[in-house]
Amino acid sequence: MAEHVILFAGPMGAGKTTAIRSLSEIEVVSTEAVNSDQAANAKATTTVALDYGEISLGPDDKVRLYGVPGQARFDFMWSILQQRAMGLIVLVNAEEPEPERHVFEHLTAFAEVANRGGVIVGVTRFDRDRSDIGDRIVATARAIVPDRPTPVFAVDAREPDQMRMLLMSLVADIETRAAMAAMAGT
Amino acid sequence: MLVTETIPAHRDPAVVAATERALDELSARCPTLIVALLLTDDGFEVSRTAGERDGDDHRLASMGSTLQALGEAVARELRLGEAGHVVVTGARGSMLVRRVGALPFALIGVFAALREHDIRTSQEIATRLAAALTS
Chain A
319 MAEHVILFAG PMGAGKTTAI RSLSEIEVVS TEAVNSDQAA NAKATTTVAL
369 DYGEISLGPD DKVRLYGVPG QARFDFMWSI LQQRAMGLIV LVNAEEPEPE
419 RHVFEHLTAF AEVANRGGVI VGVTRFDRDR SDIGDRIVAT ARAIVPDRPT
469 PVFAVDAREP DQMRMLLMSL VADIETRAAM AAMAGT
Chain B
596 MLVTETIPAH RDPAVVAATE RALDELSARC PTLIVALLLT DDGFEVSRTA
646 GERDGDDHRL ASMGSTLQAL GEAVARELRL GEAGHVVVTG ARGSMLVRRV
696 GALPFALIGV FAALREHDIR TSQEIATRLA AALTS
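Protein sequence lines, in the order shown, are assigned to chains A and B. Here our numbering is used: the first residue of the first sequence is 319, the next is one more, and so on. Here our numbering is used: the first residue of the second sequence is 596, the next is one more, and so on.
One should not assume that every hint holds.
Pairwise CB distance ranges, derived in the manner of DEER restraints [unchecked claim]:
#, chain 1, residue 1, chain 2, residue 2, range
1, B, R674, A, A457, 30 to 36 Å
2, A, P469, B, G688, 32 to 38 Å
3, A, P464, B, E672, 40 to 46 Å
4, B, G676, A, V352, 19 to 25 Å
5, B, V682, A, A429, 53 to 59 Å
Hints listed in this document are in silico derivations from the structure and should not be mistaken for laboratory results. Glycine residues also receive a C-beta, built at the ideal position from the N, C-alpha and C atoms.
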């Protein structure tokens, strides 16, 4: 059985915990804490360690889903969790100012995973009339990962089908890259 | 005293004062204590014992918040009942993290040599602090 470790990264409020809850076939292990600084972000709670869920993508494919804390003061968890990861889903909220800045920050912070495995960007709360936001995100991803295209999807983190499509795209990307690397090595 | 919702706890003077008193007592009663912090559940430092600060002041509070949450998640997953405290022990000392009553605060103590006395004292002080913050 192939096992993939996939990280969900992105700023606070992007939908990481919701996405993992949408996907997971087991009860999600969550480490939510009361958000004591409502002035900085109105969310009631925030992840302080990790979220953990699992999903099977077929009889031979099991995916372990880890959500990382969105706030940079927990970046030591970013380092720990990306050691075993083969794929990265960066989620950003399009309603936040400059969502492309968060794409930049997280693709930079998780460059190790992005280079080793696969990476994909999911944009939540995306208004299809605001194509400029999508364009800026695509341009930012291209600037950070210039050697290959980084897929960017508009998604609703609450919708299991949409999140599953995002995840399948990422796993396909990881497996294609692994197969190509194996072929290049033979 | 009330834990107010309008001012973030880590900036609330009444909360800061109460936690400072608690840390002073912990420091006085636990001779091998190196440093102690009171923090919010989401990793903001409320107060800490006097002493030298290292280069990354916020890291200890963040790590304490993470350990507290992981400890409670493990206790929940394994159905161990209400989580007590988490201890990480190394060759040169131990770090203890425990929740302050049922409040969204945690107490961290870093000890050169953690003893049963220190664990009991931290529990007693955390319980009294919780009562003070909710009275």
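*Do the beta carbons of R674(B) and A457(A) sit within 30 to 36 Å of each other?*
violated, 49 Å
*Return holds or violated for the Cβ distance of P469(A) and G688(B) against the range 32 to 38 Å.*
violated, 47 Å
*asked:* Quick check: does the Cβ-Cβ distance between G676(B) and V352(A) fall within 19 to 25 Å?
replied: Given range 19 to 25 Å: holds, Cβ gap about 22 Å.
*Given the range 53 to 59 Å, decide if the beta-carbon distance of V682(B) to A429(A) lies inside it.*
With Cβ atoms ~35 Å apart, the hint is violated.
*Taking the CB of P464(A) and the CB of E672(B), does the distance hold inside 40 to 46 Å?*
holds, 42 Å
Against the hints set out earlier in the document, violations occur for numbers 1, 2, 5.
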